Amino acid sequence: MAEVQPTPAQPPSQPPAPPAAPVMADPTQVRQVKEFKHNRPLFAARVDPSGRFVCTGAQDKLVARWDVDGDKKLELAGHESWVRGMAFQPGGELLLSGDYTGRLAAWRYAAEPPQPPVYTIEAHKGWVRAVAFSPDGATVATCGNDKLVRLWSAADGKPLRELAGHESHVYNVAFHPSGGHLASCDLKGVVKHWDLATGMAVRQLDASVLWKYDPTFKADIGGARGMAFSPDGAWLATSGITEVSNAFAGIGFAVVVLFDWASGERKQVLRPKENFQGVAWAVAFHPAGFIMAVGGGGGGGALWFFKPDQPNPFFEFKLPNNARDLALHPDGLRLAIAHFDNTLRLYDMSPKPAA
Amino acid sequence: MPFPKTTETLMSDRNYACQSPEHRISRRSLLAGLLGGSLGTGLVDAGLGHIAGLSHLIRPAVAGELAARQKRVLVFFMAGGLSQLESWDPKPGTDTGGPFRAIPTSVPGVHISELLPYTAQQMHRLSLVRSVNTKEDDHGKGAIFIETGRRDMPGQRFPTLGSAVSRLLAPAGAALPGYVHIQPGGAGVNKADAAFLGPKFASISIDNGKPPADLLRPDGLSPAADLTRNELRRKANQRFTARRRTADTEAYGYSYDQALQLMERADVFDVTKEPAAEQERYGSHDFGRHCLLARRLLEQGMTCVKVSHSNYDTHFENFDFHIEQLGEFDRPFATLIDDLAQRGMLETTLVLVISEFGRTPNINPGLGRDHWGSAWSVAMAGCGIQKGAVIGKTNDNGTAVAEREVDGRHLFHTYLAALGLDPKENYPNLNRPIPIGDPAGEKINELLA
Numbered sequence: 001m002a003e004v005q006p007t008p009a010q011p012p013s014q015p016p017a018p019p020a021a022p023v024m025a026d027p028t029q030v031r032q033v034k035e036f037k038h039n040r041p042l043f044a045a046r047v048d049p050s051g052r053f054v055c056t057g058a059q060d061k062l063v064a065r066w067d068v069d070g071d072k073k074l075e076l077a078g079h080e081s082w083v084r085g086m087a088f089q090p091g092g093e094l095l096l097s098g099d100y101t102g103r104l105a106a107w108r109y110a111a112e113p114p115q116p117p118v119y120t121i122e123a124h125k126g127w128v129r130a131v132a133f134s135p136d137g138a139t140v141a142t143c144g145n146d147k148l149v150r151l152w153s154a155a156d157g158k159p160l161r162e163l164a165g166h167e168s169h170v171y172n173v174a175f176h177p178s179g180g181h182l183a184s185c186d187l188k189g190v191v192k193h194w195d196l197a198t199g200m201a202v203r204q205l206d207a208s209v210l211w212k213y214d215p216t217f218k219a220d221i222g223g224a225r226g227m228a229f230s231p232d233g234a235w236l237a238t239s240g241i242t243e244v245s246n247a248f249a250g251i252g253f254a255v256v257v258l259f260d261w262a263s264g265e266r267k268q269v270l271r272p273k274e275n276f277q278g279v280a281w282a283v284a285f286h287p288a289g290f291i292m293a294v295g296g297g298g299g300g301g302a303l304w305f306f307k308p309d310q311p312n313p314f315f316e317f318k319l320p321n322n323a324r325d326l327a328l329h330p331d332g333l334r335l336a337i338a339h340f341d342n343t344l345r346l347y348d349m350s351p352k353p354a355a
Numbered sequence: 001m002p003f004p005k006t007t008e009t010l011m012s013d014r015n016y017a018c019q020s021p022e023h024r025i026s027r028r029s030l031l032a033g034l035l036g037g038s039l040g041t042g043l044v045d046a047g048l049g050h051i052a053g054l055s056h057l058i059r060p061a062v063a064g065e066l067a068a069r070q071k072r073v074l075v076f077f078m079a080g081g082l083s084q085l086e087s088w089d090p091k092p093g094t095d096t097g098g099p100f101r102a103i104p105t106s107v108p109g110v111h112i113s114e115l116l117p118y119t120a121q122q123m124h125r126l127s128l129v130r131s132v133n134t135k136e137d138d139h140g141k142g143a144i145f146i147e148t149g150r151r152d153m154p155g156q157r158f159p160t161l162g163s164a165v166s167r168l169l170a171p172a173g174a175a176l177p178g179y180v181h182i183q184p185g186g187a188g189v190n191k192a193d194a195a196f197l198g199p200k201f202a203s204i205s206i207d208n209g210k211p212p213a214d215l216l217r218p219d220g221l222s223p224a225a226d227l228t229r230n231e232l233r234r235k236a237n238q239r240f241t242a243r244r245r246t247a248d249t250e251a252y253g254y255s256y257d258q259a260l261q262l263m264e265r266a267d268v269f270d271v272t273k274e275p276a277a278e279q280e281r282y283g284s285h286d287f288g289r290h291c292l293l294a295r296r297l298l299e300q301g302m303t304c305v306k307v308s309h310s311n312y313d314t315h316f317e318n319f320d321f322h323i324e325q326l327g328e329f330d331r332p333f334a335t336l337i338d339d340l341a342q343r344g345m346l347e348t349t350l351v352l353v354i355s356e357f358g359r360t361p362n363i364n365p366g367l368g369r370d371h372w373g374s375a376w377s378v379a380m381a382g383c384g385i386q387k388g389a390v391i392g393k394t395n396d397n398g399t400a401v402a403e404r405e406v407d408g409r410h411l412f413h414t415y416l417a418a419l420g421l422d423p424k425e426n427y428p429n430l431n432r433p434i435p436i437g438d439p440a441g442e443k444i445n446e447l448l449a
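Chains V and E supply the protein sequences, listed in that same order.
Counting along the first sequence from 1, when you hit position 212 you're at 212 in the numbering used here, and nothing is skipped either side.
Counting along the second sequence from 1, when you hit position 179 you're at 179 in the numbering used here, and nothing is skipped either side.
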């Protein structure tokens, strides 16, 4: 059972209010507008609901908080290993982050100076690969290498439910925008749809295009490296690597698999026009209806923009380095991308002013 | 985390291993046994060659005692190149250390990767060499260096350790082959392993732990007809080899004779003969079965068993793959070490965990580690090896050897010395003098018991 540590006394901290409604984004105008330097390769990035901060995980034990519109950097110390799973509390003040050791930490991320975690939980035996918040901000879902999905009370970290049934490492988890349902995807591309009222898996979706057992190397490769619902809940996207010909060299192609959530049917397998050797590490939906994904591989990094009804991107943007994670700013215009070269970069999709 | 001193030793008593008094055959018991029984040339290997002529007079009980003294070798070959940072030499918290923690072991002060929790509990029976620099990043050349103790040289091959000990330690006339290689896929005789020693000492590959093909006599062939057929073959073979004897013809005849003996002991290869609880302890996956088969073969007197575990060539997703591969390796390996110890076999069995090389401290963009022969680790246990020792060290982030650098030559000399063999001696009965170990090598004295 997870261990809940006492909540230390905390100064009040409230995140700023969300920004105004977004203006129309134009992906074809995307350009880098800012970069922040860390000292280790970055592994994760999320933008807080106010749009003021980006938090990153890296190949170290820190969560770093960056001011989007400034140069300030704070470091949140409390993890024992690399952080990949991160989620901000909708309408709240918490950031939840999970590390390779199985630890989940809750932070009042806006507090200054930085505070120790509000609570930490030994949430999984093995890596916490992903963290997600319910739309109402009350529940946290985590998944990990113990093949489990677990639900926690965001307020105090108390365990709520354990969702068992995956037969391999669980790579990702996402709440449906309706709040009553959850999707999780494992190493072998098995997507489970969980009814949170009953805790039962009600159906299974097939994303096995993201997985391969390599008989030469005697190992599995795959998993949903990225996973997201569209804001209206109509689509579920998972991303990763497909058509692997050599698992240990990572010879395969970046891919996004798109499901119609209502029917559970796989509607599209989204691929760059020219095969991109590598992994699509993250995928996100834009409120305007297009899909964004980033990847990294032998040829560097790339950012792709897809429409749900077209298998190839309507626009591709070469990134300066391998990309590990992607987060959309609440303004709908800016993207935060975590790169391997120790750099967090901000990109802007706003229309360029007329010359 | 504090790292252990260059050499850490759990046990101060160095008299525990093959040379321990309680495992020597006493003169009194030997003389008492000279009244019956039989024993083959194992006496010579046991250092009792001066009375080998009396071997037919030794009682079975003493023969059993001598058989128990037979030295054996168990090699775990971590194919592809095991990461030292995810196994024997973790560097948590450094830029090269990766995401895993180091855990304490049964030897105070010695930590290994958290991916090896069961192995950590056997650390008092293992020793580590953390300062291997083979300067070799090629799979084939790396394997040759670490298994033969000599660098790959065009046109020259030397025997692997398994073939060498098959030649130097295996009792003559043994029913089982001297050197068996259990691997995930592929069967056959690997002549290159034996080099100039001849195919008789080559390894025989066991495909995924399955018994050798066609081991059992076909139903349509009666034992009497089989015997007649083999007598005819033997006579024809003797006539042919009387004039054209070569290592290959000798191996040809030997392989038939050995096959006949193997047919009588076919169940040696059948791990399902082990109690269900034993199979459960080792796990139902292939590597678990392979380890149990290795134990079974060693118990039956096989001189060298090599178990290959695939695969560690993790240029991509090094950490995910080491979770998967070491998650499979850890428990059966630790179980086998414990079983050998509990059965009194570890003191006569040299155990090695080796690879072609280690993996780069640098973590590439695909979260992989690449080939790295410059600063890596091997593990050893058993016959002639210190318990709980750590030899050598790397620098703080594992990018270079900091103390007591060794390479494949030194390791090979150490393997042989641990088995009571002199690596500076020549192989016997060759038409030219060839030293067993590379003359430029030296054994690692502080690793020896």
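Careful: at least some of the hints might be erroneous.
[To be verified] For the chain E half of the interface with chain V, some residues (derived, Cβ under 7 Å), not all of them: (1) T96; (2) A102; (3) E231; (4) S310; (5) G327; (6) D330.
[What the hints assert, rightly or not] Pulled from the structure, derived: some chain E residues nowhere near chain V, Cβ distances all over 10 Å: (7) Q70; (8) G93; (9) A174; (10) A224; (11) N230; (12) Q238; (13) T241; (14) Q300; (15) G301; (16) D320; (17) I323; (18) T335; (19) P365; (20) L448.
Don't read these hints as lab results, they were simulated from the structure.
The structure displayed is predicted, hence computed values, not measured ones.
Using N, Cα and C, we set each Cβ at its ideal position, and we do this for glycine too.
May I ask which of the numbered hints given earlier this structure violates, with the numbers listed in increasing order? The structure breaks hints 1, 2, 3, 5, 6, 8, 16, 17, 19; every other hint is satisfied.
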